[in-house]
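K.L.:
Residue numbers (the working numbering), protein chains in the order written: chain A, 3 to 390; chain B, 149 to 502; chain C, 333 to 596.
Since the hints were derived computationally from the structure, they do not count as laboratory data.
Chain A stretches covered by chain C per the calculated footprint, using a threshold of three residues with CB under 8 Å from any CB of chain C:
1. 13-20
2. 45-57
3. 65-75
C-beta atoms are modelled at their ideal positions from N, C-alpha and C, and glycine is treated no differently.
Next come the chains, spelled out residue by residue.
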Amino acid sequence: MDFTLDKKHEMARSLFRDFAQNEVKPLAQEIDEEERFPRETIEKMAKYGLMGITVPREYGGQGCDELTYVLCMEEIAKVCGTTAVALSAHTSLCIDPIMTFGTEAQKQKYIPKLAKGEWLGAFGLTEPGAGTDAQGQQTKAVLDGDEWVLNGSKCFITNGKEADVYIIIAVTGTVEKRGRKQKEISAFIVEKGTPGFTFGTKEKKMGIRGSATYELIFQDCRIPKDNILGAKGKGFGIAMHTLDGGRIGIATQALGLAEGALDLTVAYTKERKQFGRSIAQFQNTQFQLANLKTECDAAQLLVYKAACAKDAAGFSPASTYSVEAAEAKLFAAETAMDVTTKCVQLHGGYGYIREYDVERMMRDAKITEIYEGTAEVMRMVISANLLK
Amino acid sequence: MKAVKKMSLEDYKGVFIYAQQVDNHIDNIAFELLGKAKDLAKPLNTQVTAVLLGYQVGNLTDELAEYGADRVIVVDDPELKEYRTEPYAHALASVIEKYKPEIVLVGATAIGRDLGPTVSARVHTGLTADCTSLDIGDFPLQPKPNQEQKHNQLLMTRPAFGGNTIATIACPDNRPQMSTVRPGVMQKITPVKGAKAEVIEYNPGFTPNDRYVTIEKVVKKVTETVDIQKAKILVSGGRGVGSAENFKILKDLADVLGGEVSSSRAAVDNGWVPKDLQVGQTGKTVRPQIYFAIGISGAIQHVAGMEDSDLIIAINKDESAPIFDVADIGIVGDLNKIVPKLTADIKAELAKKA
Amino acid sequence: MKIIVCIKQVPDTAGGVKFKPDGTLDRAAMLAIMNPDDKAGLEAALRIKDETGAEVTVLTMGLPKATDVLREAIAMGADKGVLLTDRRLGGADTWATSSTIAAGIRKLGDYDLIITGRQAIDGDTAQVGPQIAEHLGIPVISYAQAIKVNEAEKTVEVERQFDDRYHVLKAKMPCLITALSELNTPRYMTPAGIWDAVDAEITTYNRDDLTTLKDEDCGLAGSPTKIAKASDKVRKGAGTLFKDIDADAGAAVICEELAKKHYI
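So that you can see chain A by itself, here it is in the shape it has in the complex (with noise of 0.2 Å):
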């Protein structure tokens, strides 16, 4: 079992790491200061390739695979938490359902300019009324003649009104599943200009500041027939889908912060002397910088085994890596949390002062827990799968 990155994956890390170093980094806390989206840098991503990593190059993209991402994800995350969202949700949310569940024909359509950066993606499942419980989906979608009507709104959308092309699911009926009736939940791609497709509230977040969290309203939305992703009724499998490979993206934003921190704190602990010696001196500094160490090389193990089981399985539809996927995020995410508090308080009081980086890394950490499914959620795919 070989566990080094070969040539091209090593190549691909430091052509990320420059990239984030040179035109990710000097962004990264004006965009959290000002609450602004990286347009700027979302384009210099799109011209060298970066939005279509693992898509295939007939379709406009890279040919690389999800390893090759997940290494872009993570030297992003290590110096932005905002900007490695909005890939996150772009390629994991948007690009891979499309590839997975598209028709030739909504390929040929979306995912060459998405590929290239030239539109964004998003993803719109959360509602309301529906957050860990999913099915609790109100927003309707009815077939009339040759469009689809939709009506109701979406919540906590990431790339909301920056992006051009959503994935949103929605109920298209009901059903009976033994003896029950059950919502019958359908997947769309709508894009951005559509009549009745509105942007209500930004939200104004603890952290990814940067990162356009929006509210999406349907109002006698009309898309075309066409329109609609996989087949009817799949919706909320594909959502589960979509999801898993949209847990392995976050989990990689959470390994990031927790090793940029980290390599802060490191930096900080050599340079800063206290009682006439650097702290990194001090058995205690040594001690914690050791375990947090430790808890960033599981994370990344785990994050890098998830990525090769999603490479293993390319575009299939079927559901085969989410519990590697689960793990990866609870872990990575619970990771970043307890390493980015460490490194603040590793920092003493600079660790609270805005200038350093570490306070907003702390900030951003926290949502890796949340979204795209819980950390609960995380341990019940876990334990089901476990207990089966």
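Using the hints, position chains B and C against chain A.
P.N.:
Chains B and C alone, transformed into the frame defined by chain A:
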């Protein structure tokens, strides 16, 4: 490449310098090279020759004599009006082939670093770039068994590896021994008014060929906006400077040294200087040749941005200021008295040398 | 149009000088990178390729691991990579290095333009580029801060930087240009480029393949300049502190140091 005739090294005599001129005005580097050439010529018991290439440059020979040239070889030709690699290389290489110097010094300028390598390759000899010292000595430095120790060799010392290694180079088996030297490294002599040199006019003939380029346009530089990361000398002020007005004494010091003013975060936060002058963790990282830290305490956030400077000079009234942990020279005292005095002292020193 | 770009793998002396605990230089720990001036030269070649469809070949002389920079160049968009490697070529000064590289270039057949970096951040000599041109008998333009190619006329127009001005020069191709890192901002690799580059075939020449290279012109023996001695600088710690000193004396101390180091 024409075949190299086996030369007898003893045939090569004399210390030559390339007298760089632009717009028929001799560059200061030429005088500095002459100063060093005189030093080298003494133990070699030989004379100093300046090689002057250009068009209508005959009137410049006296100035070269005043700065130490015993002899000036002038190659005067319309093809040499403005610097171009090929006619200049042909001129200098021809002079070398005909007059056989044992040493040739060239300024490490944008001209010299193009002319030097081209000529040294043309005459099949070694070239050592950016020398910081030149001496006459033995090679090998210590006698070695089974190896001839040659005497009266030019020993050329230069930094490499980004300035982190110092190497001493010799060119024992080829002539001339060639070296380029940066401006400001060697000393020119006090000019001897009325000194005259032997003037030799030489023209090897210039036949334009494919290697001659055409000059379409000459564009002189306009002064650019300040980029502290490009400055070779930074005079940096901190909280101790006290006010925006008082930054003037730092500016005066910077001006006299040809440097720029920069600052710590405190000065920026107090509104005394603009943010683009800020050095430090939340400002810019700089690596100048000299960094003056004036009235700067030296907190790690600042030091992180300048600790790789070649020479750090700190002035602070507090002897326990952490800046003194990284300064090469630390002066505990009142910057308001020291800085203006330093500026005056430097002005006097420069006036002496001009 | 055919462009050859000469690049070098160097330790990152500009960005990442590393020291051992005893303060001495730790060369082994330093990252190996593509020399910055060379990268700018490569970017210039790639921009010409973007406009004219030129073929860009990158060439390097070095240890086998120098293929890393060739692959990086291919991942950025270069078409072919060539490595000149042989123990017998080692220890070369600029005469021997430029002779060797010229021999390698002759093996590649016709070319229109050669681009090299102005200088490498380890040797810092800025000699190899002009010397390659000399060995090949072609015009050289150094210190290029802008390059324009006229394919039809077979000429290049180059802004050549001097200390206080620049010249706009026109030269006939084939010619050699040395690039400054200020010439441009080099592009990044792309993930797809990396995928292609790791599998790309690198042409490798050893000493015997370089048939136009004479023994007396290569390696340590073929180097006119010889190293008499070399020593690494030690990392600086605290220097000298002058307290209980009056202002005039303080100023004098500084002035003396500046004079000693020839800053004034």
